[in-house]
Structures are given as C-alpha cells and as structure tokens.
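Just so you know, the sequences run in chain order X and U. Here my numbering is used: the first residue of the first sequence is 1, the next is one more, and so on. Here my numbering is used: the first residue of the second sequence is 1, the next is one more, and so on.
Worth flagging that the hints you see were computed from the coordinates, not collected in a lab. All values derive from a computational prediction rather than experimental measurement. Hints should not be assumed to be uniformly reliable.
When chains are identical, the list treats them as one kind, so a pair holds in a single copy or across two.
Heads up, simulated DSSO-like pairs for lysine-lysine below, C-alpha to C-alpha not over 27 Å straight-line [stated by the list, open to error]:
#1 Lys324 with Lys55
#2 Lys246 with Lys225
#3 Lys55 with Lys406
#4 Lys246 with Lys421
#5 Lys396 with Lys136
#6 Lys255 with Lys374
#7 Lys37 with Lys104
#8 Lys205 with Lys464
Residue-level listing of the chains:
Number of protein chains: 2
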Amino acid sequence: MAKEQFVKEVADMEVDFPQWYTDVVLKTELVDYGPVKGTMVIRPYGYAIWENIQKELNERFRATGHENAYFPMFIPESYLKREAEHVEGFAPEVALVTHAGGEKLAENLVVRPTSETIICEMYAKWMQSYRDLPIKLNQWANVCRWEKTTRPFLRTSEFLWQEGHTVHATEEEAREETLTMLGVYREFAENVLAIPVFTGRKTEKEKFAGAKETYGMEAMMLDGKSLQAGTSHYLGQNFAKAFNMKFLDKDGAHKYGYSSSWGVSTRLIGALIMAHGDQRGLVLPPKVAPVQAIIVPVAAHKGGVNEKSQEVLSALLSVGVRAKCDTRDMSPGWKFNEWEMKGVPVRIEIGPRDLERGEAVLFRRDTLEKQTVKIEEIPAIVSALLPEIQAHMLEKSKKFRDSRVKNVYSVEEMLTALDGKNFTKAAWCGERACEEAIKEKTAASSRVMTEDELLSETCVCCGKPAKKNVLFARAY
Amino acid sequence: MAKEQFVKEVADMEVDFPQWYTDVVLKTELVDYGPVKGTMVIRPYGYAIWENIQKELNERFRATGHENAYFPMFIPESYLKREAEHVEGFAPEVALVTHAGGEKLAENLVVRPTSETIICEMYAKWMQSYRDLPIKLNQWANVCRWEKTTRPFLRTSEFLWQEGHTVHATEEEAREETLTMLGVYREFAENVLAIPVFTGRKTEKEKFAGAKETYGMEAMMLDGKSLQAGTSHYLGQNFAKAFNMKFLDKDGAHKYGYSSSWGVSTRLIGALIMAHGDQRGLVLPPKVAPVQAIIVPVAAHKGGVNEKSQEVLSALLSVGVRAKCDTRDMSPGWKFNEWEMKGVPVRIEIGPRDLERGEAVLFRRDTLEKQTVKIEEIPAIVSALLPEIQAHMLEKSKKFRDSRVKNVYSVEEMLTALDGKNFTKAAWCGERACEEAIKEKTAASSRVMTEDELLSETCVCCGKPAKKNVLFARAY
C-alpha cells in the first residue's frame with residue numbers, strides 16, 4: 001500500500017502506541033489472528049525473523065555445550081502438582097486434554113505451559129551416576145498458557161519458544177549455568193537484536209513458579225514500558241526432590257541434582273517492533289531481517305534496468321547478503337513504501353538515468369538517508385553498511401535507554417518519571433508489601449534488582465532501611 | 001556398552017525384527033518412551049538426525065518456491081466437521097481440549113492431527129484476487145493422532161512433521177504442485193536418506209481423508225515390509241468449498257481455489273533404521289549422520305596421540321566434515337563398538353605405533369572395511385569417502401529392493417512371496433472389495449498403483465478385467 005495510505009491506516013505512535021503496534025504487526029504481515037481466541041498465525045515474514053533468531057541462538061547454545069532434543073507436549077496433570085509453587089503458578093493458565101481417541105482419559109493431560117516437570121521425569125531416569133552429569137538440553141517447542149488478555153507475539157495462548165533445561169552435580173555448577181545463559185541472552189539481545197537490556201535478579205514476587213532464583217532480561221520499549229525478553233532460573237533442588245532426580249556421586253552417596261532452566265520466545269519479535277519501529281513501520285536490524293537489501297528497478301523496461309538489477313541481485317547474494325529484487329507489476333513508489341514499512345535495512349533503486357552514469361541510489365531505513373553509489377561497488381558497500389546499520393541501531397537504542405532511567409526517591413517522583421515514559425530506579429526494603437503498594441499507586445512493577453550502590457538508605461515506599469536498588473517500570 | 005553386551009541385549013534381526021528395532025532405537029539413545037502412553041522423547045542423537053533432515057528439506061522447499069510459517073495447534077472442533085470425509089478419517093484419533101484457563105470451553109478444541117482445516121480458514125481470508133495466488137506455505141510442527149498401538153518414530157500419539165499447504169487458481173497448477181512435491185520427496189529419499197522408494201497414486205481405500213487423490217512414497221524395509229514414508233495430496237476444491245476459499249479471477253468471476261498438501265514426519269528416522277541397520281546397530285547415511293567421522297585415540301597418553309587426534313579433528317572440521325574426537329575415559333574397544341552401534345559412517349583410530357609411521361586406521365561402517373591411511377591425507381580421504389559411502393548405501397538398498405519385488409498372478413502366489421519378505425506386484429480390477437479380500441488373506445495392503453503395462457488382463461483376486469498394476473505389501 002502507498003505510504004500515505006499506510007500512515008493513514010496506522011495509529012500515531014505518539015498518541016496510541018498499543019494501536020500503532022497492532023496496526024504494524026498486522027499490516028506488515030508478520031502475524032494474523034488465529035481462529036481460536038488468543039492464538040496467532042505467524043506469517044512467512046514473521047516466521048523468517050524467528051528462523052534467524054533460532055539460528056543465532058542455536059550457535060550460542062552449541063558453543064556453550066548444549067544439545068537440542070524434543071519432549072512430549074502432553075504432561076500428566078499430576079506432574080504439575082508435585083512441585084507446590086509450580087502448580088500454583090501454572091494451574092490457572094493450563095489447557096486440559098480430557099478426551100482422546102474417542103475415550104475419556106484416566107488422567108487429564110496438560111498441554112505444556114513449560115516443561116520442567118516432564119523433562120525432570122526423564123532426567124531422573126537417565127542420570128545414574130555423576131558420570132552422566134551435567135545434562136544440558138534445549139528444546140524448540142510450542143507452549144500453551146491460557147491468558148485472558150492477549151496481543152500478538154506479546155501474550156498469546158500458544159507461542160513458540162526455546163527452553164533450556166540442565167541438571168548438575170553441584171549447586172555451584174547449576175548457579176554458574178543460570179548466569180552463563182543470562183549472559184548469552186544479553187549478548188544476543190545486544191548484538192543480534194540491537195536491543196540493550198537490563199539483566200538482574202528478580203524479586204521473590206516476580207520469580208518463576210518453582211524456582212529458587214529467577215534472573216530476567218528487561219528491554220525498554222519506545223513507550224518507556226519494559227518487556228521481559230528472557231529469563232534464566234536457578235531451580236536448586238526443588239524439581240530434583242519433586243521428581244527424584246538422584247545420582248550416585250564419586251563418594252558413593254546418592255544425591256539430588258541441581259537444575260536450571262531458561263527461555264526466550266516469539267515475544268522477541270514484539271520487542272524488535274517496539275524497540276526500533278517508527279511511524280513508517282518496522283525497522284529491522286540486519287542480523288534478523290529476512291531481506292537485508294531490496295532492489296527496486298525504476299522504469300524497469302528501459303535501457304537494461306531489469307538486466308542490471310538482476311546482476312546486482314546475483315552479486316549481493318554471492319557475497320552473502322540476503323537480497324531480493326522486486327519485479328512485481330507495481331509502481332516504484334508503492335514498492336519503496338512497502339519495503340520501508342517492512343523495515344528492510346537497505347533499498348537500492350536502479351533507474352535508467354542513474355544507470356547511464358553507472359550509478360544507483362541507496363537508501364538506509366534506519367537513518368532515512370539516501371546516497372548515490374557506483375553500481376559495481378554495491379556489493380562491497382552493502383556488505384560494509386549492514387554491520388554499520390546494526391551498530392548504529394544498538395547505539396541509538398542505548399542512548400534512548402540511558403536517557404530514560406531516572407533515579408527516584410519517593411513514590412510521587414516515581415509516578416512523574418513513569419508518566420514521562422521512563423524506567424525508574426529506587427532503593428527498596430525487600431518487602432513484597434512495598435512492591436504491591438508501588439504497583440497499586442503507579443502501575444509499575446519491580447523488573448530486576450541491580451547490584452550497584454544503594455541510592456538511599458531508606459525504602460522509596462515505606463522508609464524502612466533499604467536493601468537493594470530495584471528498577472521499577474510499567475511492563476508488558 | 002561393549003559389542004558382546006550390545007549384541008546380547010539386542011534381538012536377532014533375522015529372528016525378531018520388531019524387537020531388534022525397539023532394542024536399537026532405545027539403546028542407541030535415539031529415542032525414549034514418554035510418560036504418557038504412546039508418546040516419545042526424541043533424544044539429542046535422534047533430534048540431530050531430524051535437524052539434518054529439516055535442513056535438507058528446507059533447501060528443497062525454498063528452491064520450489066515455498067516459505068515457512070506457523071499456524072495454531074488448536075483447531076475448533078467444528079472445523080473438522082466441515083469436510084465430511086476428513087472428519088470421518090480423523091475424528092476417531094483426535095485429542096480434545098475441553099477446559100482451559102480454569103473454565104470449560106464453549107467449543108472443544110482439537111489438537112491438530114493435520115492442519116488443512118485451520119490453514120484453509122486463513123487462506124480464505126488472505127486470498128482476495130488471482131494476484132494473491134498461488135499461496136505456497138510449509139510448517140514444521142508437532143501433531144497429535146491418538147493411536148492404539150504405538151512404536152517409537154513409526155506411530156506415536158504425538159510426532160513431528162512438516163506439512164506443506166498450497167492453493168492455486170487452477171486445477172492444473174494444483175495437480176502439478178502435488179506431483180512436484182512427490183518428486184522432491186523421492187529425490188530427497190534417494191539422495192539424502194539413501195533409500196530408493198516406490199512412488200505412485202494410492203487407491204481410493206488408502207487415500208487421505210478429504211483428498212481427491214493421494215500420492216505416496218513407499219520404502220522397503222529390511223524385513224520386506226513397506227513403510228509409507230511421505231504423501232502428497234491433490235485436494236481439488238474439497239477444502240476450498242468447505243472453507244469458502246474464493247478469489248476474484250482475471251475474468252471478474254469469483255472462483256474456488258484448488259489446493260494441495262504434502263508431508264513427511266519423524267517416521268523417516270524409523271525408515272533410516274530399518275532400511276540400513278544391521279546386527280551391530282545403526283548404519284547412517286553420511287548426509288544425515290550427526291557425526292560423520294569419529295576419531296578414537298588409542299593409548300591416548302602416549303607419544304602425542306592426543307595432540308595428533310586433536311589436529312586431525314581440526315583438519316576435518318575445517319573441510320566441513322561433522323567430526324568428533326572421543327576423549328572419554330573408556331577403552332578404545334568400548335568406543336569402537338559404541339560408535340559402530342550408533343552408525344557413524346567413518347571411524348579413525350590413531351595409536352602410537354601407527355603414529356610413528358605417520359599413519360592411522362580408517363574404518364567404514366557400511367562395508368566394515370579397514371584401511372591404513374597417511375594422517376596428512378585424512379581430510380581429503382574422508383571428504384571423498386563420505387559421498388562414496390552415501391552412493392554405496394543407495395546402491396546396496398536398490399539391489400536389495402529390486403531383488404524383492406515379485407510379480408504375482410494369484411493370491412496364493414502373493415502369500416508365498418510376502419512370506420518370503422517380498423513386495424508383490426499384481427493386476428487389480430479397481431474394486432475395494434478385492435483390496436479387502438487380499439488384506440484378509442495375506443495381511444498385505446495396496447501401497448501404490450504403478451503406471452506400467454498390465455501384468456495380466458484379469459484381477460489377481462476376483463478374475464474380472466484388470467485396470468491397474470498395484471504394489472501389495474505388508475506395511476508399518
């Protein structure tokens with residue numbers, strides 16, 4: 001659709017950010033609503049982003065000694081109940097299979113909301129001796145969490161994710177794993193998604209149901225809200241005890257293992273949109289963009305424009321650029337807007353007049369800058385430009401983020417800062433009651449605790465002695 | 001485990017092939033039983049094979065103009081009922097979600113047994129004009145079919161697969177697509193899995209519930225039974241009418257589209273095992289083997305054996321061989337047997353005496369041959385050997401298959417041939433009653449119809465005029 005039409009049909013992001021988001025994800029054909037309430041269809045353009053995310057993460061998981069596997073999606077309902085906090089957290093959200101093969105089942109099956117229980121059941125079978133440890137597996141899977149309020153990518157009844165599950169002989173190793181994977185996520189978010197994140201431990205109130213400790217990765221969206229973009233849990237022996245995950249140690253004693261789990265999901269696609277988008281639509285970092293460079297022939301029938309466009313396409317593909325040439329029967333202007341909306345990092349316009357001079361016009365989606373380039377230099381220029389765009393997008397996001405974190409010393413100050421689309425940092429006493437009071441007054445929740453010097457000796461909420469600094473923000 | 005122990009613990013494949021299969025899949029750690037009856041856990045070694053299959057198929061799907069996408073796993077029960085044959089075929093096998101989020105659902109949800117219905121619902125929304133066609137998508141997903149009798153990879157309540165779904169403006173295009181994808185599967189089976197297959201149209205009795213025509217790919221297992229390894233369906237306008245998939249054609253008329261669907265599943269891993277395995281365990285074709293070359297240092301602590309092994313590993317990895325060096329604290333003999341059992345195509349033994357001469361021993365899993373090679377030549381030799389092994393495995397399978405298809409002219413002859421572990425080819429009248437009578441008497445079913453000259457003028461079963469030659473075989 002033409003830019004005017006697109007701009008008209010997309011809500012103003014300054015005025016109604018949530019509607020802008022919905023308009024953009026639907027109109028760029030990343031996603032569509034599924035027929036069952038709360039479900040989504042991930043369309044090819046969205047799925048291609050997910051495949052790029054998978055590829056990058058798989059490399060990192062392999063490099064840190066993990067292997068992929070696949071566990072069943074159906075979990076006996078009784079498994080969920082073996083870990084008390086776990087069932088309390090997940091039972092309200094599960095979908096239940098009660099009938100199968102034409103018969104009522106003897107035991108209901110839960111469609112996995114997460115797979116700690118079924119994976120621990122298998123690990124208990126596989127780990128006999130300390131020689132079998134650690135076990136470090138990851139799975140790519142669909143999971144189901146029945147939510148009342150849903151939004152594409154951010155919160156849906158079914159979504160895609162990866163979940164890593166590990167078991168170790170010692171507490172130390174399991175803790176190290178938990179932090180290593182948090183670090184992998186952080187590095188991935190910054191270097192691949194171009195999103196700088198805050199990482200740190202979650203409070204008791206915000207931790208994963210069944211974990212000893214949860215570490216989170218929080219990303220700031222353009223509306224100043226936080227998106228929990230990944231979590232890594234140290235599970236201690238909670239699941240080991242619930243599932244009898246024991247091993248024979250070197251010293252001849254039978255011991256429970258220590259486990260961890262960690263995951264990121266298709267939510268990351270939502271993060272990309274809300275961290276980088278603008279009024280024209282998506283702005284995709286080159287590393288995850290399905291199309292990195294789009295060639296648009298202008299007056300394609302004239303003077304070898306089509307032929308030259310195909311040559312440039314081949315040249316770009318041969319240097320490893322994900323390039324495409326748009327030969328559809330539409331006007332160049334329509335195509336320009338279409339690909340801007342879809343967030344393609346680089347556009348190359350090849351027209352008859354430029355061609356006579358051996359030149360083409362190159363457009364950068366992130367800065368909206370145009371430059372004229374020599375056609376034969378395009379592969380080299382684009383190869384160098386893509387990492388430059390990637391770095392520039394991260395830099396821009398970092399500046400934005402750094403300008404939007406305010407230290408606050410009272411709940412009133414916090415409220416003002418939040419209304420100004422900021423994250424806030426405050427000293428906190430460690431009590432859940434204060435988190436709840438803050439949430440009540442400001443709609444912000446504690447995101448992560450930070451390890452820096454206390455901002456104040458007293459809690460921002462109750463005035464009792466402070467224990468930790470905490471990032472408070474409104475969140476998705 | 002040691003070879004003696006493995007051989008002892010694995011059933012004799014000549015005596016009890018099904019038990020041999022079960023022993024092999026479990027002991028090589030391809031798979032394990034899930035806690036819910038009929039489900040499986042795909043362990044890392046099995047999943048790595050699946051990832052190699054995915055990679056090879058994705059390349060082929062892309063080359064034939066398809067894109068990946070993802071559709072929800074929950075399908076409203078009413079959708080299944082819109083296509084009469086479809087519901088009849090699948091209703092008995094479905095798992096039903098009746099409760100979610102703590103409430104009884106207004107409409108039960110089916111966990112997808114296949115996704116024609118939900119995908120057609122979306123296509124109907126997306127296809128407005130002939131310009132939107134064809135739509136050619138594929139999805140990698142888990143599906144659920146509740147089966148009474150299950151076996152790992154071959155028949156499980158949940159399995160992984162890909163399902164391609166396309167819709168076209170004309171019957172001709174949809175028919176062409178159906179056959180193109182059958183061809184893609186055939187080429188893939190032969191060149192990647194090293195399994196020669198029979199392809200052809202299925203009889204009415206054996207076709208997919210809801211299809212106009214089903215084409216199947218049948219692979220001969222070492223016990224002479226057939227495994228349906230993939231199918232491609234021409235769906236005509238059956239689903240288009242059930243889901244109102246209409247488009248505005250060039251001539252201004254609103255018309256129903258023509259659709260196709262096609263799929264292969266984790267069953268292919270079962271095919272690999274039963275087409276190539278032997279009494280020692282798996283024999284994997286190099287193209288899908290998770291490890292293509294395993295290096296086993298012998299007397300590793302002596303005279304630079306370990307260092308040289310690592311050098312060879314690096315050299316192999318650098319020429320793109322999926323190589324691994326087994327440095328575990330076990331005897332070389334134990335490791336030899338472990339990797340033979342796991343079907344690794346090439347083993348390289350590096351010991352101190354060979355090393356003095358600059359040599360190593362190279363073992364081929366497919367022929368069980370050993371040769372002494374110069375260490376510096378290993379990367380070149382292995383690079384050349386892997387395609388040779390791949391070709392040899394296909395050749396061997398072809399010879400086996402060709403020697404095991406018998407033309408038969410009576411049901412008695414058919415029974416004898418089947419008992420001798422053969423496929424049989426016979427002329428058939430086209431009536432379902434004869435297929436049923438043959439099944440009753442011989443336990444064989446019609447696999448595919450072949451297009452060659454009629455073997456006889458009369459049906460092998462009833463003696464009425466024959467219409468088609470059919471491959472009959474006992475099947476998984």
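Outcome of the hint check:
Taking the closest pair of Cα atoms, Lys324 and Lys55 come within 27 Å of each other both inside a single copy (20 Å) and across two copies (21 Å). For the homomeric pair Lys246 and Lys225, neither the shortest alpha-carbon distance inside one copy (43 Å) nor that between copies (42 Å) is at most 27 Å. In the homo-oligomer, the alpha carbons of Lys55 and Lys406 never lie at most 27 Å apart, since the shortest distance is 36 Å inside one protomer and 47 Å across protomers. Proximity of Lys246 and Lys421 under a CA criterion of 27 Å is satisfied in neither setting, with 49 Å inside one chain copy and 46 Å between copies.
In this assembly of identical chains, the alpha carbons of Lys396 and Lys136 never lie at most 27 Å apart, being 36 Å within a copy and 38 Å across copies at closest. Taking the shortest Cα distances, Lys255 and Lys374 never come within 27 Å of each other, neither inside one copy (68 Å) nor across copies (48 Å). For the homomeric pair Lys37 and Lys104, the shortest alpha-carbon distances inside one copy (25 Å) and between copies (14 Å) are both at most 27 Å. Proximity of Lys205 and Lys464 under a CA criterion of 27 Å is satisfied intra-copy only: 19 Å inside one chain copy versus 77 Å between copies.
Consistency with the previously given hints fails for numbers 2, 3, 4, 5, 6, ordered from lowest to highest.
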